[in-house]
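S.K.: Take a look at the letters that make up each chain.
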Amino acid sequence: MKLTRRNFLAWAGIAATGAIACDLFDDELRVQSPALIPEDLVKGRDNWYATYDGSVPGGEGVLVRVMEGRAKKVRGNPRFPTNQGKQSATADTLLQSLYHPDRIDGPMLRSGPRGSGRYRPISWEDALYRLNAAVDTSGPGMLLITEDRKCSFAKICGAFADAFGGRHVAFGGAADDTAYRAAVKDVMGTDSLPYHDIANAYALASFGSDFLSTWGNPTAYSVAYGKFRSKPNVSDRGRHYHFGSRYSMTAANADKWIPINPGSEGYAAMALAWAVASTHAESPAVAQITGEAGPGALSEFIPDALVDVLGIPGEVLDGYSVREFFEKLAHDYMAHGGLAIGGGGEAGAYSNGQFNASAVLIVNYLLGNVGQEGGLLPDPGSPISDSPTAAPVASLADWQRIAGDIGSGAVPMVIIHNANPVYGLPPSIGLEGALGNEGVVVISASQFLDETSAMADLLIPDRAALEDWGDDLPDPMPGYRVYAVQQPVVNPLADVDPRSFPDVLLNAAATLGRGDGMPAESYEAMIRANVEEMLGADLNDTLMYGGWWDENATGRAAIPPEGTLSRIARNASPANLVGTGNFHLQPYEHHTVRDGRNAHLPWAQSTPDPLTTVTWQTWVDINETQGRQMGLREGDVVNITTGAGSIQALVYLNPGTPPGIAAVPMGGGRTLGSSYATDRDARESGNVMSILEPVVVDGSGGLAWSSTRCSITPTGDSMAVSKLEGDYTSREVGEHPAEQVYKSVSAEGGH
Amino acid sequence: MPNAEFPHKWGMVIDLDKCTGCQACVVACQAENNIPINTKDYFLQRRAYEWIRIERYWEGEYPNIKARFMPVLCQHCENAPCEPVCPVFATYHNEEGLNVQVYNRCVGTRYCINNCPYQVRMFNYWHPNWPARLENQLNPDVTVRTRGITEKCTFCVQRLRRGEIEVEARGGQRLNDERIAGGNYDPACVQACPTNALMFGDLEEPDTAIKPYFDDVNAHPGHGEHDRETRGYRLLEEMNTRPSVIYLKKIDQYPLKGGH
Numbered sequence: 199m200k201l202t203r204r205n206f207l208a209w210a211g212i213a214a215t216g217a218i219a220c221d222l223f224d225d226e227l228r229v230q231s232p233a234l235i236p237e238d239l240v241k242g243r244d245n246w247y248a249t250y251d252g253s254v255p256g257g258e259g260v261l262v263r264v265m266e267g268r269a270k271k272v273r274g275n276p277r278f279p280t281n282q283g284k285q286s287a288t289a290d291t292l293l294q295s296l297y298h299p300d301r302i303d304g305p306m307l308r309s310g311p312r313g314s315g316r317y318r319p320i321s322w323e324d325a326l327y328r329l330n331a332a333v334d335t336s337g338p339g340m341l342l343i344t345e346d347r348k349c350s351f352a353k354i355c356g357a358f359a360d361a362f363g364g365r366h367v368a369f370g371g372a373a374d375d376t377a378y379r380a381a382v383k384d385v386m387g388t389d390s391l392p393y394h395d396i397a398n399a400y401a402l403a404s405f406g407s408d409f410l411s412t413w414g415n416p417t418a419y420s421v422a423y424g425k426f427r428s429k430p431n432v433s434d435r436g437r438h439y440h441f442g443s444r445y446s447m448t449a450a451n452a453d454k455w456i457p458i459n460p461g462s463e464g465y466a467a468m469a470l471a472w473a474v475a476s477t478h479a480e481s482p483a484v485a486q487i488t489g490e491a492g493p494g495a496l497s498e499f500i501p502d503a504l505v506d507v508l509g510i511p512g513e514v515l516d517g518y519s520v521r522e523f524f525e526k527l528a529h530d531y532m533a534h535g536g537l538a539i540g541g542g543g544e545a546g547a548y549s550n551g552q553f554n555a556s557a558v559l560i561v562n563y564l565l566g567n568v569g570q571e572g573g574l575l576p577d578p579g580s581p582i583s584d585s586p587t588a589a590p591v592a593s594l595a596d597w598q599r600i601a602g603d604i605g606s607g608a609v610p611m612v613i614i615h616n617a618n619p620v621y622g623l624p625p626s627i628g629l630e631g632a633l634g635n636e637g638v639v640v641i642s643a644s645q646f647l648d649e650t651s652a653m654a655d656l657l658i659p660d661r662a663a664l665e666d667w668g669d670d671l672p673d674p675m676p677g678y679r680v681y682a683v684q685q686p687v688v689n690p691l692a693d694v695d696p697r698s699f700p701d702v703l704l705n706a707a708a709t710l711g712r713g714d715g716m717p718a719e720s721y722e723a724m725i726r727a728n729v730e731e732m733l734g735a736d737l738n739d740t741l742m743y744g745g746w747w748d749e750n751a752t753g754r755a756a757i758p759p760e761g762t763l764s765r766i767a768r769n770a771s772p773a774n775l776v777g778t779g780n781f782h783l784q785p786y787e788h789h790t791v792r793d794g795r796n797a798h799l800p801w802a803q804s805t806p807d808p809l810t811t812v813t814w815q816t817w818v819d820i821n822e823t824q825g826r827q828m829g830l831r832e833g834d835v836v837n838i839t840t841g842a843g844s845i846q847a848l849v850y851l852n853p854g855t856p857p858g859i860a861a862v863p864m865g866g867g868r869t870l871g872s873s874y875a876t877d878r879d880a881r882e883s884g885n886v887m888s889i890l891e892p893v894v895v896d897g898s899g900g901l902a903w904s905s906t907r908c909s910i911t912p913t914g915d916s917m918a919v920s921k922l923e924g925d926y927t928s929r930e931v932g933e934h935p936a937e938q939v940y941k942s943v944s945a946e947g948g949h
Numbered sequence: 020m021p022n023a024e025f026p027h028k029w030g031m032v033i034d035l036d037k038c039t040g041c042q043a044c045v046v047a048c049q050a051e052n053n054i055p056i057n058t059k060d061y062f063l064q065r066r067a068y069e070w071i072r073i074e075r076y077w078e079g080e081y082p083n084i085k086a087r088f089m090p091v092l093c094q095h096c097e098n099a100p101c102e103p104v105c106p107v108f109a110t111y112h113n114e115e116g117l118n119v120q121v122y123n124r125c126v127g128t129r130y131c132i133n134n135c136p137y138q139v140r141m142f143n144y145w146h147p148n149w150p151a152r153l154e155n156q157l158n159p160d161v162t163v164r165t166r167g168i169t170e171k172c173t174f175c176v177q178r179l180r181r182g183e184i185e186v187e188a189r190g191g192q193r194l195n196d197e198r199i200a201g202g203n204y205d206p207a208c209v210q211a212c213p214t215n216a217l218m219f220g221d222l223e224e225p226d227t228a229i230k231p232y233f234d235d236v237n238a239h240p241g242h243g244e245h246d247r248e249t250r251g252y253r254l255l256e257e258m259n260t261r262p263s264v265i266y267l268k269k270i271d272q273y274p275l276k277g278g279h
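Keeping their order, the protein sequence lines are chains G and H. Under our numbering, the first residue of the first sequence carries the number 199, and numbering increases by one thereafter. Under our numbering, the first residue of the second sequence carries the number 20, and numbering increases by one thereafter.
Everything labelled a hint here was simulated from the structure, so no lab data went into it. All values reported here derive from a predicted model rather than from experimental measurement. Don't take every hint at face value.
[Stated by the list, open to error] Below, computed lysine to any residue pairings styled on SDA-like, alpha-carbon distance capped at 25 angstroms:
#1 G:Lys454 with H:Glu187
#2 G:Lys429 with H:Glu197
#3 H:Lys59 with G:Arg831
#4 G:Lys454 with H:Arg87
#5 G:Lys454 with H:Leu275
#6 G:Lys429 with H:Pro231
#7 H:Lys230 with G:Arg435
#8 G:Lys429 with H:Glu248
#9 H:Lys59 with G:Thr869
#10 G:Lys454 with H:Glu78
#11 H:Lys230 with G:Asp877
#12 H:Lys59 with G:Thr876
#13 G:Lys425 with H:Asp226
#14 G:Lys425 with H:Pro274
#15 G:Lys526 with H:Asp271
#16 H:Lys230 with G:Asn431
#17 G:Lys454 with H:Ala200
Bound conformation, chain H alone (with noise of 0.2 angstroms):
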């Protein structure tokens, strides 16, 4: 943690009625963070890089149809799965919240990737193919990954890290909402979403956007989601995992008969 003045909890929500599909965070995502190009192959062989991903779902049948769309990404977990089967301890939780996978230590067992409920963890399977010039475009903020290991959302540390330095000990201001987005340092996603339907922030921070939804759902777990005063939910929540991604449910103008 870079100064223990200012401590941390990064977290996000997702409204589910506001995102339309568009892909502009998986671009976005692609670009800061050094993703090779998924070809053609990487597609028909289930092995897209994609650290954000948009998952789109049926409902209904024509003319009654429906198509939701969900953004999916690492989840942070506070009860991360895939950290306990890790056994060169590449991916551990760090003090701000974030599931944090060191390239470096990991050996690419792929237990962790086994073991996430959510499938936002990647294994490298080749190694990373950067055409001559394209290369240029590279973020020197971010490490491109070899082959043979592990790689997944870091909800854009770097982005943090340069707002921590910055900001926090250079400024001595603390990095809030305003600050966060004012400075670059928010996830890449989160930036470019046209529709604002991820937000970021801290949940260390008091009066950060997203810390209301957090409290709500962290007041009425599990069996109590019907007591939300929010929208708001987890992916997969009787797994328990306590993912820092909170969604909040569509609004169904005219749901369909038999839907959810």
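Isolated chain G, as found in the complex (with noise of 0.2 angstroms):
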């Protein structure tokens, strides 16, 4: 029929009646009213998928949002056993990652020399070329160095580089936790890492470990604190008592914080433990752990002998002695529900690292918690048998080798992937001028250029966290099994042209006849084998809820072996701390931006430090009384001086740090990738781990990051500090008192 006009209005009379008399477009005549919805909101549909965030510590579960295969938001994972749906500040910055501008778009080949950043496009088919013909020639003795991933990642690389001869090593970042996995490993024989049930405890003391912030796995363990403050009653809300040297987010958050001094967690720990072995030695789990020799096993650690140890202040005792305290802890301790964390992080980065951890774990044994409900949940084992369920994470004796030996040419290749030793470690290590041998082949398969992949002769980018497949274990697990999948959630934009690294190395093995030593044909065929041969799953199912796991899957509480507490006893050192100086030099991990790993991000260098604020800066935290006695002033340059070298920060005079403690984040002073990184001067962005003494933890032979001593000198310049604080000025000025606007209650005193 021929459309008139006429027909026209005739049909749509008879249509727009119809609908009308038969109330079919009511809601969507509702819906689509100008009236009822902002002018600015988009009809799109949106989709919203399941993936994991392996870039925080411990990992979380989450969900992104994609609106036409762009990815616009990333929230926490309900249905994810760690995070419940939380999610860390750093959790969005997954998108920054993916849309940075200064991703290495494609293959590129080095134009200038080695380090100094310059690269020219290449085809694929070339770059694959190349690092085919160079993994050929020198494969064996070569050398893989990639990020500690565990699981699908490990099991390929590992296998990659058996399969040619060579060896695959991780970094576990500058904050290296090396020190409180081998304590895992000496007290409860496992790899993996014990859960902390804080959600459940009642009294939880804590050692050095920041473990709101960096340590452990921060998110899981914020859920769990919120509930741990939820408990119905006020009178059963948990109690924290934090011991550490530096006013942490962790000690911030705690109702007390006890500092002492640095390195000495592990005897506060044993401080505890003597005090509840000798108030409580009537209790099963005393008596099984002290054994014959009972509370006099800790008879060295009487906090009566251990004052100078443990340099407690006075004034934070409420008028008890050093060993009134620890037994009046004790007894609350035994009597609700206690649960002690730590020892690692900040607190294992001394000599005596491992004691400190050690020390710790003990501690939950003899207060009876382990394996119980509010205690330390052991890690319930790998659902997936033959994946590593640790990554292969290198000693600093490990990298002053693999230094030597890329220097002397015995290691022909090096292939890194998302590692930045050359930045995280102690430059005496001597890895930066290694690389420059140009007789060693260096291809990097990192997604951003830094200090370590400038090294490279050939970049073959990666793909982003939201663009790939991937597994892990969450370490630790939530004190059952856990297995967590990444997936692609969107395709890679038009003018970026990554490739998934797994897959890099699975093709060049098949390419040189190796892909019988390999363990799949791709990396999503890993992960699909993992879910429906290992697990008995269904891939769909296990990607919708973001991961698979089994709540009856728990850990096994084993009793340490006899001797464990007299062998930590015996282990007790304090902390050889190198160098002179006035002060005790005491890096940590930056709360968003990291090691250094994040400093390309953003939003990680913009978000306010949560103690002093600051953005954007490398800033020393020092005593405030003490930095006036000194004549400096908030934002005063000053030289940082070790017998390794000097840096130069921005002072910020905190009330919370210790007398003679500087504090310095870690992050600063990136020289190369992203401008986001490194556009700052030396005056306000310095790397500290690069005036570090190469001092060894006993032990587990990782780096002791907070083992050296500096000088704090004034240069006479200054400079603003970049911080919130100090913005919301009309309550500073008097106007509004802070107590009229933070306000709180007395446990007992009602409201």
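Starting from two chains that each stand alone, build the complex the way the hints lay out.
M.R.: Right, dumping it as structure tokens:
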């Protein structure tokens, strides 16, 4: 029928009458009325895909909102067992990592001197030809350096290195936590970490580790901390003591912060252990752990004898002696579900770091909470039986050997993936100089240029986490077995041409006739096999949930071997603080920039540090009173000098920092890569790792990154500090004093 | 208001005893609401954009020191001092209790910023700058504000509107606590907060978790604060701005001597 104006009007009239008569479009009319929706509402459909963010400490399950092929928002996955729908401050930076303007667009070949960061684009065919040729000729003895990922990634890397006679090592980051892992292995016998059931504990003692910010699984522990604070009755509200030499975010949230000397966390834990054993000798747990020696096994840790070692200021003891204080604590912890957490992170960064961590673990055995609700939950083991449960993290001694081998040419080829040891290790290790050896082939598969990848001859960029497959075993697991799956939720943009690094390795092995030694044909196939064959689960269901878990597959609370307590006691030794100077240099992982790995992400840089509110810059926390006595003001540029070198930083006079401590966040002083990381001058951006003495943790062999003394000298220069503090001025000038704004009640005092 | 069948009055409760100062809410807000990247210069000029910020107060001195963390966002006041001073009605109170900012009405007088005792309104001193590629992340549900206007927290109105359309208009069900949380309709800060220090709900909903706190504070206003059964209080309560945000006092196990 020919469509005339008359016909059109007739049919339109019939259709409208019919629609109204049948009440077909009531909802639609209501929905689409401009009076009912804001004019800027976009009505496109969004989809939320479950995936996994392995870039945050401990890992977290996330949902990603995708509209029209673009990732728009990241949120915690409500189903995921560890973070339970919540997220860290850096979860959304997955988006910035994906759409970062400084991402390496495609394969590139070095066009300037090694380390200059000058490259020219080449095709993937050319890049893969060069990669395969290098592996074919230099494979035996090659070194594969990656970030500290586990599971399928580690398995593929390990198999690739093995197939060609090379070696795979992982860089655990500047804030090396190998001491804690070694202690867990020693005391609990597992490679993976135990979980602290904070949510169900009533009294918490933390030792050094900043578990609400950067240590362990901060998001999972923060979720648990919220429950710890939410007991139905105020009288049951969890009580938290923090022992540590830095006023960290965890210290700030504790009900009471007990300042102690740097590196004495293990002694504080053992003092608590003595108090528990001596006041509750009849406890089965105490009897089991102390054995025939009874509390006498801990006689060296009677708090009276540790006064100088611990250095606890008398003002925080509420009129008690140190011994009475620990005994009071012991009674409280034995009566009300006590839990000890920490020993790693900052507490493990001393020569006696493994002792510190072991001491904290053994306190939990004495408290009888291991394997119990509200206690220390042992690692339940991996549900993927033949996948690595820990990355092959190299010790400091390993790195010294590696640098020597690269420098001498004994290692003919180095492949680097998302690891930046040139920045994160003390320069005295000599890795940068070794990688300058033109006789060694260096290939980087990192997503961004950094100080280590800039030493590469060839860049073959990896996919971003939101573009790629992956899997992981959250570390720690929440007391039962969890297998996390990462899936590609978007395709790369048209102007970016990355390839999945594990797939590149698998393809190279297949091309060079070594495919039989590899665990799968593709990264996706390997994850599918893990899900379908190992777990007997459906891949689509697993992807929908963001992983697989079994709440009944819990860990077994094995008793430590007899003599463990006495061995820990025998290993007690004070921290070896190297160098001269009036200050103890205490580096710490930045809340969002962390050890520098997030320095290229603008949200990580612009998020105020929780305590100082400083952004974008490197500062040094100095006790406010001591700083004023030294004539320092906020923003003064000072030289921080150790036996290994000097950097500059801006002074922040911190009322919470103990006198004699110079606390400096990691993550500054990046020299290569994104402008977000590098566009600041040396006065306000310094790499604290570059001035550390190469002190080793006894036992584990990791870097004792908090064992250096330093001097602080003003330069006479000063800069404005880029911080949020001071932005809300009406209250700070006294119009509305803080106590009218921030209100508190005592636990006993009602409201 | 999208649906007269389901009236709303949105409110928030912030438990200071649970806030750890972790900044997850701050970044989640910036990602959700297309807030430009706060460069170093923005902070140096005291012009950083943070629709929600964590204020940090020091109390005491070493070694008896306490750092206090306090999330502060637009309080969505019932008696909002920012509203009557706007010469062009760019800011007004809507039927759902939201203090609303109409960007394309705003002419940038900044009277509202001057009159807000909570300092939660931001002025756009610059054109929003999104480097190439990063603009792909922008939330299409939220306007990118231009230079010369005022912006602030909206309680993520775009999420609420989606919920009102998808759950109420299409589904015929009221948006309650469960449906808000289950459908991604709660504000991004609330959704992100790891310790659940931030709670959000509809005060028209009898069963909402936040209602008892509002009822308690409303029943004992001003000088009756000490008669309250909960820890609830309103920020700068003596100004009678009647915020839609209630704070719960921090519980001090060991109050500092001379503290409050």
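S.K.: Work down the list of hints and note, for each, if the structure agrees.
M.R.: Against the structure, the hints:
1. G:Lys454 with H:Glu187: violated, 47 angstroms
2. G:Lys429 with H:Glu197: Holds, at roughly 21 angstroms.
3. H:Lys59 with G:Arg831: holds, 20 angstroms
4. G:Lys454 with H:Arg87: Answer holds: G:Lys454 to H:Arg87 is near 13 angstroms, not above 25 angstroms.
5. G:Lys454 with H:Leu275: holds, 10 angstroms
6. G:Lys429 with H:Pro231: Holds - the C-alpha atoms of H:Pro231 and G:Lys429 are around 17 angstroms apart, at most 25 angstroms.
7. H:Lys230 with G:Arg435: Holds, at about 22 angstroms.
8. G:Lys429 with H:Glu248: Satisfied, since the Cα-Cα distance of roughly 17 angstroms is no more than 25 angstroms.
9. H:Lys59 with G:Thr869: Given pair H:Lys59, G:Thr869 holds - Cα atoms ~18 angstroms apart, limit 25 angstroms.
10. G:Lys454 with H:Glu78: At roughly 13 angstroms apart (the allowed maximum being 25 angstroms), H:Glu78 and G:Lys454 satisfy the hint.
11. H:Lys230 with G:Asp877: This hinted pair is violated, its Cα atoms lying about 49 angstroms apart.
12. H:Lys59 with G:Thr876: Answer holds: H:Lys59 to G:Thr876 is near 13 angstroms, not above 25 angstroms.
13. G:Lys425 with H:Asp226: holds, 21 angstroms
14. G:Lys425 with H:Pro274: holds, 22 angstroms
15. G:Lys526 with H:Asp271: Satisfied, since the Cα-Cα distance of roughly 19 angstroms is no more than 25 angstroms.
16. H:Lys230 with G:Asn431: Given pair H:Lys230, G:Asn431 holds - Cα atoms ~19 angstroms apart, limit 25 angstroms.
17. G:Lys454 with H:Ala200: violated, 34 angstroms
Consistency with the previously given hints fails for numbers 1, 11 and 17, ordered from lowest to highest.
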